[in-house]
Amino acid sequence: MSMKTTPNGYKLDDSGRRVVVDPVTRIEGHMRCEVNVDDDNIIRNAVSTGTMWRGLEVILKGRDPRDAWAFTQRICGVCTGTHALTSVRAVEDALGIQIPENANSIRNIMQLTLQVHDHLVHFYHLHALDWVNPVNALKADPRATSELQQKVSPRHAKSSPG
Amino acid sequence: MTETFYHVMRRQGITRRSFLKFCSLTASALGLGPAMVPRIAEAMETKPRIPVLWLHGLECTCCSESFIRSAHPLAKDVVLSMISLDYDDTIMAAAGHQAEAIVEETIERYDGNFILAVEGNPPLNQEGMSCIIAGRPFLDQLHHAANHCKAIISWGSCASWGCVQAARPNPTRATPVHKVPGIADKPIIKVPGCPPIAEVMTAVITYILTFEKFPELDRQGRPKMFYSQRIHDKCYRRPHFDAGQFVESWDDESARKGYCLYKMGCKGPTTYNACSTVRWNGGLSFPIQAGHPCIGCSEDGFWDKGSFYQHVTDTHQFGVEANADKVGVAAAGIVGAAAAAHAAVTAIKTAQKRGDREQ
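Protein chains in written order, with this note's numbering: chain A, 55 to 216; chain B, 189 to 547.
Source of the hints: derived by calculation from the structure; they are not laboratory data. Beta carbons: idealized from backbone N, C-alpha and C, even for Gly. Fair warning: there could be bad hints in the mix.
Which residues of chain A face chain B? A partial, calculated answer using Cβ under 8 Å [as the list claims (entries may be wrong)]:
| # | residue |
| --- | --- |
| 1 | Arg80 |
| 2 | Leu110 |
| 3 | Ile113 |
| 4 | Phe125 |
| 5 | Leu183 |
Could you build all of it, start to finish, from the sequences and the hints given here?
Printed below as a string of structure tokens:
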């Protein structure tokens, strides 16, 4: 067992087997995860590192505040609109701007629409591969799948026999 | 040998009839006309899928996000059937050393024959320390892959121009692919935009598969078929510009009537892209149609050309007071000058073409 204290004051247990995953895929940007597992495969230490830095904070300095949302939006191309809307709100708060109720509603609609789309993208393109083996999935029997679906939800539009 | 596109489609239960329909849709998306349909069909039937390495540098993944929304052709058809996308860290199942092993495997197996698609760009400051993949600078990975590839696709404004991380003061010295010192001398096609239009991305890939070469490029290295016209040229609000009908503030009557957004800072007049024709989300809309000015995201250095809401001042328009006769005379003068200029440009282009490398 070797305990270490990081410069930020965290205690790390650096013993056992060290597992490194770099790059972590199916995320925006670049990430590295390092963990130490003990004999029972329990994680005793975990460190994650963002391995990319673009300096958007530095680039934003001295810009027209009306433009800030577009720069901020480029933090992430997967959840773009969320960053943009938050940035707009930050600028408004700084300048003491009150927005009308209609504007608030429109923004809420935009944010919720983005959330719906993000769920689809995140599940099917990004997250699903952690749970689904695509090679085996190609061998799946569509008829059996459909029958299962009909048991769960007989009136579902997509539950017609395959 | 890798399977052909046609075999993969048939294996997925797609009929020959649907396959041919796909080919003709693709031909029209590429602006090629019906005569080219058999050629596309032949390419799909006989050519092995192109191996593609899709690398990510300093970026926000918006290019990948755009790409997976392509409607014609569907991104799934491209990813599963037309190309052999061997590495893309946004959508690949593997991670860590398994993922990195695939890069090496592709480079060894298809040495000199794969397409290197780059999303994002490398930072040059501190020897590339601002973008590290698997413990090594992305800059090294890019150089290595570029040395062994057949050609490079620079996806998006990052790889093409530098984009947001290269905006003033460019703290990491982010550098577009073609300007990276010592980058291998390979043909590069730029597909700028932040992000590029999904159908433009898939169409470029379809073209490369069909004709085994890049589509015709302009002098900045962009495919002419999508980047030869300004947003302004085909904007459905253009008649309002010509008539001098402008939105003056976000909530005025002109905004409600859908007048031209030029005075609100629209960069349509200086932006070369296909948004006003191809549009976004399967042709549903584009920023101007949604009531916001174009921010010019496919142009070099668009972050540093003043506020997005400051209108460009060097666009000439027909005055509202001018009548058709006066406009006609002025236009004739412009046409004369343009014809002379065009002749000069054509001569340069012909010379350029002769010097062009065949990929």
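Structure-based check of each hint:
no.: 1; hint: Arg80; result: holds, 6 Å
no.: 2; hint: Leu110; result: holds, 7 Å
no.: 3; hint: Ile113; result: holds, 5 Å
no.: 4; hint: Phe125; result: holds, 6 Å
no.: 5; hint: Leu183; result: holds, 4 Å
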